[in-house]
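*Asks:* Listed below, chain by chain, are the residues.
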Amino acid sequence: MTREDRRPEEREPRDDERGVTRPASDIERAIRENHPALIAYVTAGDPSLEATKEYVEALDRGGADLIELGLPFSEPIAEGPTIQAAINRALEAGTTPAGFFDLVDSLSVEAPLLVMTYYNMILQHGSEPGADVRPFVERAADAGLSGIIVPDLPAEEAEPLRAACDDHGLDLVFIVAPTTAGERLERIMDRASGFAYVQARLGTTGARGDVSRATHDSLARLEAYDDAGVPKAVGFGVSEGDHAAEIVAAGADGVIVGSALVDIIATSETPAADLEAKARELKAGARRGADVPEPEQP
Amino acid sequence: MSKSSFGRYGGQFVPEALMPALEELEDAYERYVLGNEDGFVDEFRERLREFGGRPTPLQRADRLSERYGREVYLKREDLVHGGAHKLNNALGQVLLAKYMGKERIVAETGAGQHGTATAMAAAHLEMPCEIYMGRTDVNRQRPNVYRMRMLGAEVTPVETGRGTLKEAINETMRDWAGSVETTHYVIGSVVGPHPFPEMVREFQSVIGEEAREQVLERAGRLPDSVVACAGGGSNTMGAFHAFVPDSDVGLYAVEAGGSSLEIDAEAGVAPNSATLSTGSDGVLHGAMTKLLQSEDGQIMESHSVSAGLDYAGVGPELSNLVDTGRVTPDSVDDDAALEAFHRLSRLEGIIPALESSHALAYLERAAGTAAERASGDEPRAEAHEELGELVVVNVSGRGDKDLETVLEETEKRDLEAAPDVEVFEQ
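Sequence lines, in order, name chains A and R.
For the first sequence, this note's numbering gives the first residue as 526, with consecutive numbering after it.
For the second sequence, this note's numbering gives the first residue as 104, with consecutive numbering after it.
Simulated from the structure, these hints should not be mistaken for laboratory data.
Take the hints with a grain of salt, since some may be wrong.
[Said to hold, decoys possible] Rough simulated footprint, nothing fancy, chain R against chain A, three-plus residues with beta-carbon under 8 Å:
#1 587-601
#2 612-626
#3 649-659
#4 665-678
#5 698-705
#6 727-738
[What the hints assert, rightly or not] Computed Cβ-Cβ distance ranges for the label pairs, DEER-style:
#7 627/A to 242/R: 49 to 57 Å
#8 427/R to 630/A: 55 to 63 Å
#9 715/A to 204/R: 58 to 66 Å
[To be verified] Sample of chain A residues lacking proximity to chain R, with all beta carbon distances greater than 12 Å (derived):
#10 604
#11 633
#12 691
#13 776
The structure presented is a predicted model; accordingly, all values stated were derived computationally and were not measured.
Beta carbons: idealized from backbone N, C-alpha and C, even for Gly.
Just chain A, same shape as in the assembly (with noise of 0.2 Å):
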């Protein structure tokens, strides 16, 4: 399949939970029929756009079912220190959102992708800077992306940019946060679109050793929507096949990988062939989580 063939117009509308018809979902059926699901993140531009589209095509080929790439803000706020040098490489590469899109309308991969990135990025896309959020939604769909991720884009403040999202059958996906609960947990998931990307602990991305408690808490208090909502996938600090698995067994539909990645990007001398293998790694633990055998290998 190649990003032409996810035009949105070409999908089959589809009534959601409040009643409007919306374009079936490229992300939530690639978390479905691939489940437990691989979600891979990487920094665009890091360290160029040329590498990018090798690691992209490289984490394709290991297993990842979705791929976030990052379009890089000069304030990640949300970012620990290892996508925070990420984000500093591509723009010291040049990376803009020009190149961005131009790398994206170069990509033929099995994965649906999605962009990552902060609200000011898609504010100032286009003729009207800091006004309108559409041109850049139009941009996204332009080039086949099919959703979006903005982590300093609470519910509350999501309107314009959701509007802009349904017009053009992109999904807007949401965090949910340790700290959401109750009221504002209702609210998430009734926008929510795609998938709900759960936070696994407080504080910002990082690899890190173990599964934090949080994400149990977390996917406990989301199993009431399991039936009429999106699926879930945990990210901030999965890094080995072993986390995928604990978390898959813990509920989660799938695992959200970044800085693990970021890193191999960072220091490895054959990174394309090394993400390839982390992917593998990491579906395979996911898979392991759910009791699904491990298709044999070509």
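For this one, chain A is given, so just place chain R on it according to the hints.
*Replies:* Chain R in isolation, oriented as in the chain A frame:
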């Protein structure tokens, strides 16, 4: 849904993990600060008097009045405990954190004045406190770093970016995102997500309330204009707020023009911090406001000789007051601010903070000296008219913290008002 309270500016653009804390803070702000629950406001005012040394005087500046041919009054926030207006807000927030049952304080600081004020308030109210400060600012504000350490605060240098206030705010937000259940983030200006801009302005509005009362008492009328420097904008909003309904009082926000108002697009650097004068709308550090940013939306590195003004954003309320025409923004450059620093020291016996020196430099440029006016060589006739006959200038802080910077920067320039400092070096 958005809680932007200042026209199109404000809001809560933060990671989801912080949203419940903002809701909790909003609730506490409404109950304690606006509603005086459990006598919060009474205790705050009492502590501002006893510990903070309020009210500060509104002093007639005789030599400046003579020089500019009008009545010039100085609101002496440099006389607040700690040497700057920053204590008004820090004391308010640390006390509020205490009422909320929080166990720890984090804060960021640029010039070190907010960090010092927070460290003082935290020591006074027995709260553990960690202050993030950019590496560049640590190096140029060493006396304040020592002061914070002496007051018992941890000072953590931030190595990313250019190592100024912007980076310190990012790092404090990261800390807070991981410790939000037990920690309160004492934001140092009228910036950040709702309810911070409104709450900080509320704590700082004591400046303008006192000044308004004092000028009425001294001069028997309201001033024609109020002048304050603007970085993030806390002393600005503090000085202006009580005068906003008085539509005949001109409000002038003076920004750091740095070395130039031109942007170095290739390097992504604004050699100034004149956000209100030259910035554009965007989202930074939790709020929609005016920013120094590239066409793509990357935030620029800003510059000012004054660390306290060196910030690429500005308070959302101030952005709105500029858009609606109530506040007039303008800027003066580093040289003019240094001149004004020396001038006030020499003429009035007050060593002002480099931040406040920008407000004083604006007076020089807009009012023009008596000699210039006599020769008809008035630099800005229009501004001269607007400033009027009775001007209040907010001296937001004292300049002791800036001495190293002033010595170093003065040596590089040929400044009219500067003393000969070579004598000290022999």
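*Asks:* For the region 727-738 of chain A, do at least 3 residues have a Cβ located nearer than 8 Å to some Cβ of chain R?
*Replies:* Coverage by chain R holds here, the residue count being 3 at a Cβ distance below 8 Å.
*Asks:* Go ahead and decide if the range 58 to 66 Å is satisfied by the Cβ distance of residue 715/A to residue 204/R.
*Replies:* violated, 31 Å
*Asks:* Is the Cβ of residue 691/A farther than 12 Å from every Cβ of chain R?
*Replies:* Since the minimum Cβ distance to chain R is about 16 Å, residue 691/A lies beyond 12 Å and the statement holds.
*Asks:* Residue count check for the region 698-705 of chain A against chain R: does it reach three with CB-CB under 8 Å?
*Replies:* holds (count 7)
*Asks:* Regarding residue 627/A and residue 242/R, is the given constraint of 49 to 57 Å on their beta-carbon distance met?
*Replies:* violated, 40 Å
*Asks:* Verify the coverage statement for the region 649-659 of chain A against chain R, using a C-beta to C-beta distance below 8 Å and requiring 3 or more qualifying residues.
*Replies:* holds (count 5)
*Asks:* Count the residues of the region 587-601 of chain A whose Cβ falls closer than 8 Å to any Cβ of chain R, and tell me whether that reaches three.
*Replies:* holds (count 4)
*Asks:* Would the least Cβ to Cβ distance between residue 604/A and chain R come out above 12 Å?
*Replies:* It is violated; residue 604/A is separated from chain R by about 8 Å at its closest Cβ, not greater than 12 Å.
*Asks:* Determine whether the non-interface label on residue 633/A survives the test: each CB of chain R must be over 12 Å from its CB.
*Replies:* Residue 633/A clear of chain R: closest Cβ-Cβ about 26 Å, beyond 12 Å.
*Asks:* Given as covered by chain R, does the region 665-678 of chain A meet the bar of three residues or more with CB within less than 8 Å?
*Replies:* Since three or more residues must qualify, the claim that chain R covers the region 665-678 of chain A holds, with 3 doing so at under 8 Å.
*Asks:* Should the hint that residue 427/R and residue 630/A are 55 to 63 Å apart at their CB atoms be regarded as holding?
*Replies:* violated, 43 Å
*Asks:* Once the closest CB in chain R is found, is it more than 12 Å from residue 776/A?
*Replies:* holds, 20 Å
The earlier numbered hints that this structure contradicts are 7, 8, 9, 10.
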